[in-house]
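Visitor: Protein sequences, first through last, are from chains A and B.
Under my numbering, the residue at position 66 of the first sequence is numbered 66, and the numbers go up by one with no gaps.
Under my numbering, the residue at position 296 of the second sequence is numbered 296, and the numbers go up by one with no gaps.
Keep in mind the hints are simulated off the structure, nothing from the lab.
Glycine included, each C-beta is placed from N, C-alpha and C at the ideal position.
Incorrect hints may appear among the rest.
[Stated by the list, open to error] Below, computed lysine-lysine pairings styled on DSBU-like, alpha-carbon distance capped at 35 angstroms: (1) K211/B - K10/A; (2) K197/B - K64/B; (3) K247/B - K321/B; (4) K10/A - K334/B; (5) K10/A - K247/B; (6) K55/B - K211/B; (7) K211/B - K321/B; (8) K247/B - K334/B.
[Claimed, not checked] From chain A, some residues computed to sit far from chain B (all C-beta separations above 10 angstroms): (9) L25; (10) V39; (11) S57; (12) M61.
For reference, the chains in residue letters:
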Amino acid sequence: MQARVSIRFKDGVLDPEAAAIEGALRGLGFDGVRGVRRVRVIELDLDTNEPEAAWASVERMCERLLANPVIEDASVEILKEG
Amino acid sequence: MNAASTIVPEAAREHGLSEAEWHRVVGILGREPRPVELGIFSVMWSEHCSYKSSKRHLATFPTKAPWVVQGPGENAGVVDIGDGQVAVFKMESHNHPSFIEPYQGAATGVGGILRDVFTMGARPVALLNALRFGAPEHPRTRHLVRGVVAGIGGYGNCVGVPTVGGEATFHRSYNGNILVNAMAVGVAEKDRVFYAKASGIGNPVVYVGAKTGRDGIHGATMASAEFSEAKEAARPTVQVGDPFTEKLLIEACMELMATDCLVAIQDMGAAGLTSSSFEMAARGGCGVEMDLDQVPVRERNMTAYEIMLSESQERMLCVLKEGQEAEAAAVFEKWDLSFATVGRITDTGRMVIRMAGETVADVPIDPVAGASPVYDRPHEPAPPRLPFYAERLMSEEAPGDALLRLLGCPDLCAKRWIWEQYDHMVMADTVGRPGGDAAVVRVHGTEKGLALTTDCTPRYVEADPRLGGMQAVVEAWRNLITVGARPLAITNCLNFGNPERPRVMGQLVGAIEGMAEACRALDFPVVSGNVSLYNETDGRAVQPTPNVGGVGLIRDLGRMTGIAFDAPGLALLLVGECVGWMGASLYLREVLGREEGAPPPVDLAAERRAGDMVLGLIEAGIVRAAHDLSDGGLAVALAEMCMASGFGACLDVPDDNLSSTGWLFGEEQGRYLLALREADAQGALDLARNVGVLARRVGTTGGDTLILGAEPPISLDELRARHEGFLPRLMNGGA
Chain A
1 MQARVSIRFK DGVLDPEAAA IEGALRGLGF DGVRGVRRVR VIELDLDTNE PEAAWASVER
61 MCERLLANPV IEDASVEILK EG
Chain B
1 MNAASTIVPE AAREHGLSEA EWHRVVGILG REPRPVELGI FSVMWSEHCS YKSSKRHLAT
61 FPTKAPWVVQ GPGENAGVVD IGDGQVAVFK MESHNHPSFI EPYQGAATGV GGILRDVFTM
121 GARPVALLNA LRFGAPEHPR TRHLVRGVVA GIGGYGNCVG VPTVGGEATF HRSYNGNILV
181 NAMAVGVAEK DRVFYAKASG IGNPVVYVGA KTGRDGIHGA TMASAEFSEA KEAARPTVQV
241 GDPFTEKLLI EACMELMATD CLVAIQDMGA AGLTSSSFEM AARGGCGVEM DLDQVPVRER
301 NMTAYEIMLS ESQERMLCVL KEGQEAEAAA VFEKWDLSFA TVGRITDTGR MVIRMAGETV
361 ADVPIDPVAG ASPVYDRPHE PAPPRLPFYA ERLMSEEAPG DALLRLLGCP DLCAKRWIWE
421 QYDHMVMADT VGRPGGDAAV VRVHGTEKGL ALTTDCTPRY VEADPRLGGM QAVVEAWRNL
481 ITVGARPLAI TNCLNFGNPE RPRVMGQLVG AIEGMAEACR ALDFPVVSGN VSLYNETDGR
541 AVQPTPNVGG VGLIRDLGRM TGIAFDAPGL ALLLVGECVG WMGASLYLRE VLGREEGAPP
601 PVDLAAERRA GDMVLGLIEA GIVRAAHDLS DGGLAVALAE MCMASGFGAC LDVPDDNLSS
661 TGWLFGEEQG RYLLALREAD AQGALDLARN VGVLARRVGT TGGDTLILGA EPPISLDELR
721 ARHEGFLPRL MNGGA
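From just these sequences and the hints, can you work out the full model?
Guide: Below, the structure written as structure tokens:
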């Protein structure tokens with residue numbers, strides 16, 4: 001079973017890299033961009049075939065390591081095949 | 001006062017205002033505050049911004065000397081370093097944010113202290129950090145060390161200012177509340193120093209730098225309250241730093257300062273737009289009108305409350321000369337930073353804030369900024385402790401083994417793992433690298449050097465706050481002397497627990513008294529500083545930690561000394577008295593597991609005599625190496641010199657009534673270990689006798705082992721292995 005974790009800054013937290021991308025796009029003449037958000041995606045191959053067990057274990061991984069709960073939100077997707 | 005206002009509303013309590021403070025707010029306004037006003041009072045009267053518990057005691061610090069250009073009360077202190085140049089410096093805490101989010105907390109601490117320095121017109125040239133972590137075996141310690149060190153390195157390295165020194169020690173009292181104190185030092189032209197004093201009715205108030213977001217709202221109030229387990233879960237107050245924007249801001253401010261546009265400038269630090277606008281207006285005795293619709297924001301729908309209290313990083317507030325906005329705007333546009341005229345200086349003495357056509361705050365400035373509450377909190381002295389001499393010690397451990405244990409202990413072990421992550425050489429002016437007594441940076445393009453150090457021995461302060469406060473100052477003084485610098489002035493960062501507890505308040509009062517006494521005796525005034533209280537978790541306070549940041553001037557870098565002796569066969573001279581003082585010593589704690597006894601006494605007159613004499617010898621060019629004696633005493637000092645130089649040494653252990661433990665590991669103050677050529681040694685001893693300083697020959701350099709009297713020799717490799725081993729092992733998971 002595969003899991004996909006998407007990690008992004010919480011609303012209101014400064015993202016210097018996204019701000020730099022936005023500025024650079026504008027510099028290149030792409031005027032139509034109103035906002036840029038950067039999202040980190042981590043894909044995990046898991047031994048279990050139980051979606052609920054997979055979910056619980058990935059949530060724990062997010063809390064302990066994958067995301068920084070102080071400034072980031074993590075969302076978990078469980079993908080059936082993988 | 002109407003009936004409703006006699007009851008303290010929930011909102012006031014949530015804002016950390018006491019009942020008396022709430023009534024004072026209502027009295028000042030003649031009505032109940034609007035929400036934005038409540039937020040303003042809350043942050044401006046927080047301990048962090050108002051120094052309400054410490055103010056009356058801080059006033060006892062000596063702050064003047066002929067070379068002091070600006071003392072406390074500005075963004076940073078300023079001292080004259082000759083040739084029309086000044087050094088600008090300050091130390092500040094970022095303890096609470098660093099405990100919650102170590103990387104960003106430490107990084108933004110570095111960013112904030114840099115802004116305090118370049119806002120005065122000084123180009124930052126060096127950073128130092130005094131770090132106190134919990135016990136190495138505590139489950140959070142490793143995570144916090146890793147994050148804090150990476151954050152300091154990440155920000156400092158990106159912004160291109162070398163991190164050249166500091167301290168890192170460990171004690172269980174910091175398990176739930178680490179201390180991260182950052183110090184920045186800059187150099188400016190004496191006639192181009194800028195101050196944060198608003199003036200000129202009608203002058204525009206201008207916002208520059210990064211945009212305002214919802215980060216760090218109420219950081220100042222958070223820094224003024226204790227931690228608890230529950231509070232740790234609620235954490236909306238972390239700011240994220242952007243060192244590249246800071247670099248742009250440094251260059252833009254330097255460029256603006258070269259024009260003739262600027263009247264006043266201040267960093268938006270804790271309490272952001274609120275504290276910067278109120279403090280600048282209060283210093284200038286004027287009023288301000290601000291229109292928050294003009295403030296550059298990063299997010300939509302931000303309220304006036306959020307804009308006034310945001311602690312977004314990399315922002316400055318300036319007062320410009322009227323009519324020169326366009327010239328200044330061009331500078332910030334060039335560096336791709338926001339620039340907005342957000343208000344005007346008025347003569348009303350009031351802060352009037354509008355947003356969307358509505359007045360959201362209208363308060364008199366002085367009672368908020370200048371006349372905030374001042375408390376004389378009850379304080380209780382620490383219970384006296386008994387002296388503790390070496391005779392009473394019964395240790396099975398051989399002196400050589402005790403030395404190895406001390407060199408490898410968390411407080412004394414090599415901090416290479418930390419400082420190797422810092423770019424300590426950027427700018428190419430670092431001449432005294434981390435690991436010595438004081439770091440040294442060249443004043444660019446000259447033969448002068450600035451010597452920089454941070455010092456404090458918290459276990460001494462805990463045992464006897466007054467003596468501990470004195471000791472922090474004299475150790476900084478000695479560390480500057482040993483590199484050949486004339487000590488100029490200090491900044492400090494006083495980290496204590498909850499001042500509402502008389503015992504904690506007693507520590508603060510005692511430490512300030514001791515520091516003030518030492519500064520007076522040594523002509524070593526305090527020119528800037530910061531107080532961080534409520535460093536507690538669930539009622540357990542940290543060890544009292546009044547960190548001292550010392551700055552000294554080396555007139556000729558050719559005469560600079562270090563701890564490494566450069567040849568075998570040099571005479572080792574011990575300056576200062578030996579009595580075998582073991583109370584509150586590192587030996588007692590690390591070898592015998594006991595944290596007790598009175599700390600070593602400090603004789604300020606003797607410190608001054610010894611320091612002046614050692615500096616004279618160094619300036620005369622006859623000292624080949626010098627080291628201050630502190631933690632671990634004579635044996636540790638000599639071992640550190642050997643490791644730094646690659647030569648061994650032979651140390652005499654006198655057969656007199658002083659036990660060898662006391663001789664080797666006692667922590668008497670006012671002592672130095674010097675290495676001189678044989679031909680110069682007798683002259684130095686004669687000079688010492690003439691000026692009334694005790695000095696004696698204690699050994700000779702040479703070989704590749706350290707020999708302590710009749711003990712078996714210890715190879716330099718073994719010393720290094722123990723000294724270098726601890727931190728990498730801890731950080732790689734062992735310890």
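Visitor: Compare the structure with each hint and give your call.
Guide: Results for each hint:
Pair hint K211/B plus K10/A holds up; C-alpha atoms about 17 angstroms apart against a cutoff of 35 angstroms. Distance check on the hinted pair: K197/B and K64/B sit about 20 angstroms apart at the alpha-carbon level, within 35 angstroms; holds. In summary, the hint linking K247/B to K321/B is supported, as the alpha carbons are separated by about 25 angstroms, within the 35 angstroms threshold. With a C-alpha separation of about 31 angstroms, the suggested pairing of K10/A with K334/B holds against the 35 angstroms cut-off.
Taken as a hint, the K10/A and K247/B pair is honoured in the structure, with Cα atoms around 25 angstroms apart against an allowance of 35 angstroms. At most 35 angstroms may separate the alpha-carbon atoms for a hinted pair to count; K55/B and K211/B meet this at roughly 33 angstroms. A threshold of 35 angstroms between alpha carbons decides the hint, and for K211/B with K321/B the separation of about 23 angstroms falls inside it, so the pair holds. This hinted pair checks out: K247/B and K334/B have alpha carbons roughly 13 angstroms apart, not beyond 35 angstroms.
Even its closest Cβ contact with chain B, about 14 angstroms, leaves L25/A beyond 10 angstroms, as expected for a residue assigned away from the interface. A cut-off of 10 angstroms between C-beta atoms confirms that V39/A is not in contact with chain B; the least separation is 16 angstroms. Listed as a non-interface residue, S57/A keeps its Cβ farther than 10 angstroms from every Cβ of chain B; the least gap is roughly 21 angstroms. Listed as outside the interface, M61/A is consistent with that label: its C-beta sits roughly 16 angstroms from the nearest C-beta of chain B, beyond the 10 angstroms cut-off.
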